[in-house]
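Construct the complete structure from the given sequences, taking the supplied hints into account.
First to last, the protein sequences are chains A and B. All you need for our numbering is the position in the first sequence, starting with 1, plus 1. All you need for our numbering is the position in the second sequence, starting with 1, plus 1.
No wet-lab data here; the hints were simulated from the structure. Keep in mind that a hint or two might mislead.
One copy or two, it doesn't matter: identical chains are merged, so the pair holds either way.
Straight-line Cα separation of at most 27 Å, BS3-like style, residue types lysine-lysine; simulated pairs [unchecked claim]:
no.: 1; residue 1: 31; residue 2: 87
no.: 2; residue 1: 31; residue 2: 124
no.: 3; residue 1: 56; residue 2: 112
2 protein chains.
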Amino acid sequence: MIRKLLLGLAGLAVVTGAVFASSHAAAPHKGAIKARQSVMQLRAHYLGQLGAMAKEETPYDAEAAANAAANLALVNTLDQSMMWPKGSDNASVENTRALPAIWTDGGIGAKANTFNAAVEAMKAAAGSDLAALRAAIGPLGKACGACHEDYRQSNR
Amino acid sequence: MIRKLLLGLAGLAVVTGAVFASSHAAAPHKGAIKARQSVMQLRAHYLGQLGAMAKEETPYDAEAAANAAANLALVNTLDQSMMWPKGSDNASVENTRALPAIWTDGGIGAKANTFNAAVEAMKAAAGSDLAALRAAIGPLGKACGACHEDYRQSNR
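This is the structure:
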């Protein structure tokens, strides 16, 4: 573990000097990891509002649904370029479930595109009616899951 | 503590049925609290990039500075209306430093306005040059601190 960590640190120092400087040597990439987890958390927040309506835990409200979907889309416009530095995977550092494959298998771009498209479809649909919201939430949940399955360490 | 918690829960059930439903009874407002903490974390992320340049820990880069400031402003446009439900203060629930005064003393609106203005000023200044960025970061840090001082439990 120590060896793995030291190897990770050696790589970091070369690749990400700028990020490293502000994230403090004691917990490499801590800030970047917290930031990307915050992006995920905000997605969960807005998606949760849509999910609660889809499941009729809360009554469907066109304005609230459109607003939640618009905010989900807004989260996608936040700059994440400093949030996924090389060496911030779960084999290199603590407190992340991000698998190394994110940086190596070349598949994440396509999955991100699918997710973005599903979010845009939800944004277009959510304010119409409950049926439209429900139709859009399936592909959206699937897009979330597809990425988590390949790129996030399972809790089990 | 238990009594305080139960009183808090009784209030919650009346005021925030919708939020409560999706945040699960075992940890009231957990989702809302995580969401607002995520907003703060993202502010720290983008502000950190500006702060690193101000302190010359990283070289000033006009494009990167403008981008960080634009993203800081973008975070302010995220809908927080479901993130601060009544009864989600640190006297009522766990895992938050949000003081009850947020909901009671009537002062948070003015402080939020000051913060928003400081963010907009930074957005206008950051891409000009290092001196402009530095001039904008003082009022911005002060606006952050003013709110934290009155409305966030000190760690001490």
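> Any hints this thing doesn't respect? Which numbers, in order?
Replying inline: Of the numbered hints, all hold.
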